[in-house]
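S.K.: Sequence:
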Amino acid sequence: MDLGIQGRSALVFGGSRGMGRACALQLSQEGVLVTIAARTQTTLEKAAAEITAQTGTPVRYVVANITTEAGRDAALAACPAPDILVNNADGPEPGDFRTWTLDDWHQALDSMMLGPIEMIRRTVDGMVERKFGRIVNIVSRSVKTPQIELGLSNGARSGLVGFVAGLARQTVRHNVTINNLLPGVFATDAQRRHIEGMLEDTGKTFDQLWEERGSNNPAGRYGRAEELGALCAFVCSAHTGYITGQSLLIDGGGYPGTF
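Position 16 of the sequence shown, counting from 1, maps to 16 under this note's numbering, and the rest follow consecutively.
Hints listed in this document are in silico derivations from the structure and should not be mistaken for laboratory results.
You may find that some hints are simply not true.
[Claimed, not checked] Here are the simulated lysine to any residue pairs, SDA-like style, with alpha carbons at most 25 Å apart:
#1 Lys144 / Ala230
#2 Lys144 / Pro218
#3 Lys144 / Phe234
#4 Lys144 / Ile117
#5 Lys144 / Leu248
#6 Lys204 / Ala187
#7 Lys144 / Glu211
#8 Lys46 / Glu227
#9 Lys144 / Met198
#10 Lys131 / Leu231
#11 Lys204 / Arg121
#12 Lys204 / Gly220
#13 Lys131 / Asp2
#14 Lys204 / Arg98
#15 Lys131 / Leu248
#16 Lys144 / Gly220
#17 Lys144 / Ala49
#18 Lys144 / Val161
#19 Lys144 / Gly214
#20 Lys144 / Ala81
#21 Lys46 / Met1
#22 Lys46 / Arg72
#23 Lys131 / Arg121
[Claimed, not checked] Beta-carbon label-pair distances, calculated as ranges:
#24 Met1 / Asp207: 36 to 46 Å
#25 Asp2 / Asp103: 39 to 49 Å
#26 Arg193 / Ser215: 31 to 41 Å
#27 Ala190 / Ser215: 33 to 43 Å
#28 Leu199 / His239: 41 to 51 Å
#29 Ala219 / Asp189: 18 to 28 Å
#30 Arg130 / Val63: 43 to 53 Å
The C-beta atom is built at its ideal place from N, Cα and C for all residues, glycine as well.
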């Protein structure tokens with residue numbers, strides 16, 4: 001299928017590794033002019049060069065932290081008028097809410113809610129004027145199946161999803177959609193950090209927990225980053241102007257509900 005987005009511009013946060021990189025790769029394969037943003041220059045340089053070599057479409061990069069105004073300014077200086085915005089940020093380590101400080105909560109909100117909302121605020125009106133826009137927030141299945149050890153993520157990501165639910169209904173008449181992707185267990189560095197954060201409480205080894213989390217999924221395995229990247233590209237396509245305000249699970253059937 002031709003997704004109809006060749007020549008469009010995209011700004012992908014967290015685009016140097018994991019699911020963000022998979023989104024950037026898939027968009028680049030569709031001929032989108034991608035700018036990847038993250039905090040580490042070396043990984044950005046490597047990812048941009050590798051994706052460019054693989055797809056033949058030049059990929060730019062910018063060192064930018066979505067949690068800071070300076071970082072958001074830098075991202076928009078590198079990609080001033082994106083047609084596609086992918087908000088993506090790592091979640092915090094697992095823990096017990098009794099030990100979390102207000103600073104912990106503020107950092108979580110800046111990363112997973114307020115930073116993405118600011119990027120939406122600064123790009124959505126331009127999309128409306130141009131009559132095309134696709135905003136995709138990579139969040140987590142935890143907004144539908146909360147995990148007690150991920151309270152910071154449960155709260156902050158749910159706040160983002162709740163906010164865009166209203167805005168998405170206002171922008172869709174201008175062919176600007178806003179949707180959320182809800183990944184389950186994926187074989188990424190973020191999943192490895194998550195498991196490492198659970199070792200002390202469970203008394204199990206890393207290998208034991210890694211095997212359990214993958215095999216306990218109805219699909220019997222972890223998700224692959226490229227699977228989420230492909231879904232992201234489709235949601236960003238010219239064919240999805242009638243899909244907005246949705247939270248799309250990609251979790252191998254892990255969510256047990258009918259709705």
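S.K.: Tell me if the straight-line CA distance from Lys204 to Gly220 falls inside 25 Å.
M.R.: holds, 20 Å
S.K.: When you check the alpha-carbon spacing of Lys204 and Ala187, does it fall within 25 Å?
M.R.: holds, 19 Å
S.K.: Could you check the hint for me, namely that Arg130 and Val63 are 43 to 53 Å apart, CB to CB?
M.R.: The hinted range 43 to 53 Å is violated for Arg130 and Val63, with Cβ atoms some 27 Å apart.
S.K.: Given the hint of 41 to 51 Å, is the C-beta distance from Leu199 to His239 inside that range or not?
M.R.: holds, 44 Å
S.K.: Please verify whether Lys144 and Ala230 have alpha carbons no more than 25 Å apart.
M.R.: Status holds; Cα separation ~22 Å.
S.K.: Check whether the Cα positions of Lys131 and Arg121 lie no farther apart than 25 Å.
M.R.: Answer holds: Lys131 to Arg121 is near 16 Å, not above 25 Å.
S.K.: Can the restraint linking Lys204 and Arg121 be considered satisfied, given a maximum Cα separation of 25 Å?
M.R.: violated, 44 Å
S.K.: Given the hinted pair Lys46 and Glu227, is their alpha-carbon gap at most 25 Å?
M.R.: Holds, because 21 Å separates the two Cα atoms, which is no more than 25 Å.
S.K.: Return holds or violated for the Cβ distance of Asp2 and Asp103 against the range 39 to 49 Å.
M.R.: holds, 47 Å
S.K.: Holds or violated: are the alpha carbons of Lys204 and Arg98 at most 25 Å from each other?
M.R.: holds, 23 Å
S.K.: Compare the distance between the alpha carbons of Lys144 and Glu211 with 25 Å, and conclude whether the hinted pair is satisfied.
M.R.: holds, 23 Å
S.K.: Given the hinted pair Lys144 and Pro218, is their alpha-carbon gap at most 25 Å?
M.R.: holds, 17 Å
Hints 11, 17, 20, 21, 26, 27 and 30, counting from the list given before, are not met by this structure.
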